[in-house]
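Engineer: Chain F: place on chain S using the hints.
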Amino acid sequence: GESVGLHLPTLSVQEGDNSIINCAYSNSASDYFIWYKQESGKGPQFIIDIRSNMDKRQGQRVTVLLNKTVKHLSLQIAATQPGDSAVYFCGSGGETSGSRLTFGEGTQLTVNP
Amino acid sequence: KAGVTQTPRYLIKTRGQQVTLSCSPISGHRSVSWYQQTPGQGLQFLFEYFSETQRNKGNFPGRFSGRQFSNSRSEMNVSTLELGDSALYLCASSLVGDSRETQYFGPGTRLLVL
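Sequence lines, in order, name chains S and F. According to the numbering used here, the first sequence is numbered sequentially starting from 1. According to the numbering used here, the second sequence is numbered sequentially starting from 1001.
Chain S extracted, bound-state conformation (with noise of 0.2 Å):
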């Protein structure tokens, strides 16, 4: 069945660096991806999304890139901050998916001061 994955359940970076998660997928019919930050007690906020028609999608301090050779995207958050800190999960979803999105388990990012 379609899955949704990501490369690290950890990542712990150092303030001001670029912190990187990836994320996998198994769908190749999945042509929407989006990323959400998930602070404690608190409910997944959308960040940035993309659709299989781009590469690379640019936010505010945070890119997305899409390698649908490879099923595979990243979130880039450029400068960490120690506000980041959150734990970060992708979704997916596709025509053949009607209303449901698909979710990896997140990535829990810590930054250290």
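FYI, nobody ran anything at the bench for these hints, they're computed from the structure. Careful, some of the hints might be misleading.
Said to hold, decoys possible - Which stretches of chain F does chain S cover? Using the computed rule of at least three CB atoms under 8 Å from a CB of chain S, they are: (1) 1047-1060; (2) 1102-1108.
As the list claims (entries may be wrong) - Computed beta-carbon distance windows for the label pairs: (3) F/T1053 - S/G59: 47 to 53 Å; (4) S/M54 - F/R1063: 16 to 22 Å; (5) F/T1053 - S/R51: 25 to 31 Å; (6) F/N1077 - S/I20: 23 to 29 Å; (7) F/P1061 - S/K56: 38 to 44 Å.
C-beta: ideal position from N, C-alpha, C; glycine also.
Structural biologist: Chain F alone, transformed into the frame defined by chain S:
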């Protein structure tokens, strides 16, 4: 514009009881999806409602049910609670429920079953 709201935020129930959770979507959003989040399983899709109709359903037992009202507010119900139902229940809303549009999550309801 107000975000997605969920009530209650916390619940403690005992095995065998039933529980109803409520979700109010962002104004103008007509689709509401429900997810169960646990440390071991991540975010698991429960079901999605659009225009008061369940359009999509995940792999959960029939004890989990839901409904949507004409104002797009949604409720989910879990009957005969089991210890394993302890989780964070999240709802997310979107305009029309296409899996290729952004879903916005509420803060969740944390359910503890004793």
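Engineer: All the hints need checking, so say for each whether the structure fits it.
Structural biologist: Comparing the hints with the structure gives:
1. 1047-1060: Held - the region 1047-1060 of chain F has 5 residues with a Cβ nearer than 8 Å to chain S, which meets the minimum of three.
2. 1102-1108: Since 7 is at least three, the answer is holds.
3. F/T1053 - S/G59: 47 to 53 Å: violated (34 Å)
4. S/M54 - F/R1063: 16 to 22 Å: Hint violated: Cβ distance 41 Å, outside 16 to 22 Å.
5. F/T1053 - S/R51: 25 to 31 Å: holds (27 Å)
6. F/N1077 - S/I20: 23 to 29 Å: Violated, at about 41 Å.
7. F/P1061 - S/K56: 38 to 44 Å: This hint holds: roughly 42 Å between Cβ atoms.
Of the numbered hints listed earlier, those contradicted by the structure are 3, 4, 6.
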